[in-house]
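Novice: Sequence:
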Amino acid sequence: MKKIIIFFALVFPFISAAQSKNYRLYGHVYTVDNLTYTGYITWGKSNMYWIDLFRADKPNNPYTHYFKSEERLIFRNNGQDSPIPPTHLFSCRFGNIKSIQPLSNSKAELEIKDGNTIQLNRGNYNDIGTAIGIYSPDNTYATIRWDKITKVEFCSPDNDSIAPEKNQPICGIIKTDQGIYKGFITWDKDEKTAEATLDGQSQNGYRNLPFEVIQKITKNGNGCKVVLKNGKEYDMWGTNDVNTANRGIIVNMPNIGRVTIPWKNFEIFEATDIQDINILSYEDFGQPQRIYGEVTTRKGETYNGYMAYDLDEAMNFEILDGNNDNIIYEIPFKFVSSIEPKNYKYSFVTLTKGGSLSLGDSPDVNNENSGMLVFPDTGIPTYIPWKEIKLITFKEK
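The numbering used here puts the first residue of the sequence shown at 750, with every later residue one more than the last.
Since the hints were made in silico from the structure, they are not lab data. Accuracy of the hints is not assured; some may be wrong.
[To be verified] DMTMM-like, lysine to aspartate or glutamate: derived pairs with alpha carbons at most 25 Å apart:
| hint | residue 1 | residue 2 |
| --- | --- | --- |
| 1 | K981 | D948 |
| 2 | K1083 | D1070 |
| 3 | K915 | D939 |
| 4 | K862 | D1033 |
| 5 | K1083 | E1137 |
| 6 | K794 | E914 |
| 7 | K1139 | E1050 |
| 8 | K1013 | D939 |
| 9 | K1091 | D926 |
| 10 | K807 | D1110 |
| 11 | K770 | D1022 |
| 12 | K965 | D926 |
| 13 | K1144 | E1043 |
| 14 | K794 | D782 |
| 15 | K1136 | D1074 |
| 16 | K862 | E1145 |
| 17 | K915 | D937 |
| 18 | K915 | D1025 |
| 19 | K978 | E1016 |
| 20 | K938 | D1022 |
| 21 | K900 | E1032 |
| 22 | K968 | D1022 |
Construct the entire structure; sequences and hints are all you get.
Specialist: Structure follows, in structure tokens:
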């Protein structure tokens, strides 16, 4: 497939140091011991920022009751046919969440910012049932087990709150054979903070280089050339940080979404200052909106209204998933302008911020999509199978 180059390294306004603490998770943790902890939160092992994703399974499909068995519709899921619409993954950024309440070791009730709630199962993800770390204003750090938590409420930090020195994000630009991506970096799906180290053999022995001292990493054969901010250079090899065993590089772009880049597509990393990233505070995640727009069929018919996309995503903070030549994209629907199904495998996606690309290998964008329910302002909803859709255009209501 022809590759579509997308330039995501946009120029953003300057962010002051005083504002920069606002990208960190913050809130109140209430416990079964009637204690309340307030401060900066680390959810599980690595979720620390409002743009990080919370993932869990939806226990059922709320749109099943719109379909009757005599209609003989067939839905596909993981290569299997079923007369019942499949259940789906729930995924959103932490900045869209108002609170989370444990219901069991594998279940939770999540409240979004408009007050609506959804019950979720842990599934194959680690965000339910995990311990939570919290850094309090008195410079103490507490780890709270899941079974000790009554509720977690998220909020903006107080004006006088002081963010911890550690856990600053790795900020940078990743150049690939498909394009350029700028945002918060997770290296090898592991190293996420500036104090985390890039490890490997070098001509001067084994090195553990903190990302905060690294200016540039260039792939070079089965290793990397590393340039430090002080000008020193190292050729490094021999570990999954710097060779083909690398598990992938994640770039979290605040106003676009998230990409996961396989090592074979990676070319260069260049460090940037956090002031060069358009960071999002909790307040930047506004009230959620239902997905609204127009569906045009291959017969030329048009349907306008609120949508249940793939009989799943109905809110603009939910995530569109898909791959483009091995690079995985996870894009909130609020950043998607239109989706045009092209064949059994791919759809052409246009973004609100500019840029477009083909996405495939996901039920969100291929022939395993369960289709669309469109709810008009008056009357009953209309179901449109994926194979009949020519174009979906998203609009503001």
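Novice: All hints, please: hold or fail.
Specialist: Hint check:
A C-alpha spacing of about 16 Å is found between K981 and D948, which places the hinted pair at or below 25 Å, so the restraint holds. Proposed proximity of K1083 and D1070 is supported: the alpha carbons are some 13 Å apart, at most 25 Å. At most 25 Å may separate the alpha-carbon atoms for a hinted pair to count; K915 and D939 meet this at roughly 16 Å. For the given pair, K862 sits about 12 Å from D1033 by alpha-carbon distance, which is consistent with the 25 Å threshold.
Our distance criterion of 25 Å between C-alpha atoms is met by K1083 and E1137, whose separation comes to about 24 Å. Using a Cα cut-off of 25 Å, the hinted pair K794 and E914 holds, with the two alpha carbons roughly 17 Å apart. Proposed proximity of K1139 and E1050 is supported: the alpha carbons are some 10 Å apart, at most 25 Å. The suggested pairing of K1013 with D939 holds, with an alpha-carbon distance near 18 Å, which does not exceed 25 Å.
Between the alpha carbons of K1091 and D926 the distance comes to roughly 23 Å, so the proposed pair stays at or under 25 Å and holds. For the proposed pair K807 and D1110, the alpha carbon gap of about 21 Å is at most 25 Å, so the pair holds. The straight-line distance between the Cα atoms of K770 and D1022 is roughly 14 Å, inside the 25 Å bound, and the hint therefore holds. Of the supplied pair hints, the one linking K965 and D926 holds, its CA atoms being roughly 17 Å apart against a limit of 25 Å.
The straight-line distance between the Cα atoms of K1144 and E1043 is roughly 8 Å, inside the 25 Å bound, and the hint therefore holds. Among the hinted pairs, K794 with D782 is consistent with the structure: their alpha-carbon atoms are about 24 Å apart, no more than 25 Å. For the proposed pair K1136 and D1074, the alpha carbon gap of about 23 Å is at most 25 Å, so the pair holds. Taken as a hint, the K862 and E1145 pair is honoured in the structure, with Cα atoms around 19 Å apart against an allowance of 25 Å.
Distance hint between K915 and D937 is fulfilled; the C-alpha atoms sit about 20 Å from each other, no more than 25 Å. Taking the CA atoms of K915 and D1025, the gap is near 19 Å; set against the 25 Å cutoff, the hint holds. With a C-alpha separation of about 19 Å, the suggested pairing of K978 with E1016 holds against the 25 Å cut-off. Simply put, K938 and D1022 have alpha-carbon atoms about 21 Å apart, close enough for the 25 Å limit, and the pair holds.
Of the pairs offered as hints, the one joining K900 and E1032 holds, with about 21 Å between alpha carbons and a cut-off of 25 Å not exceeded. A threshold of 25 Å between alpha carbons decides the hint, and for K968 with D1022 the separation of about 22 Å falls inside it, so the pair holds.
The earlier numbered hints are all upheld by this structure, with none contradicted.
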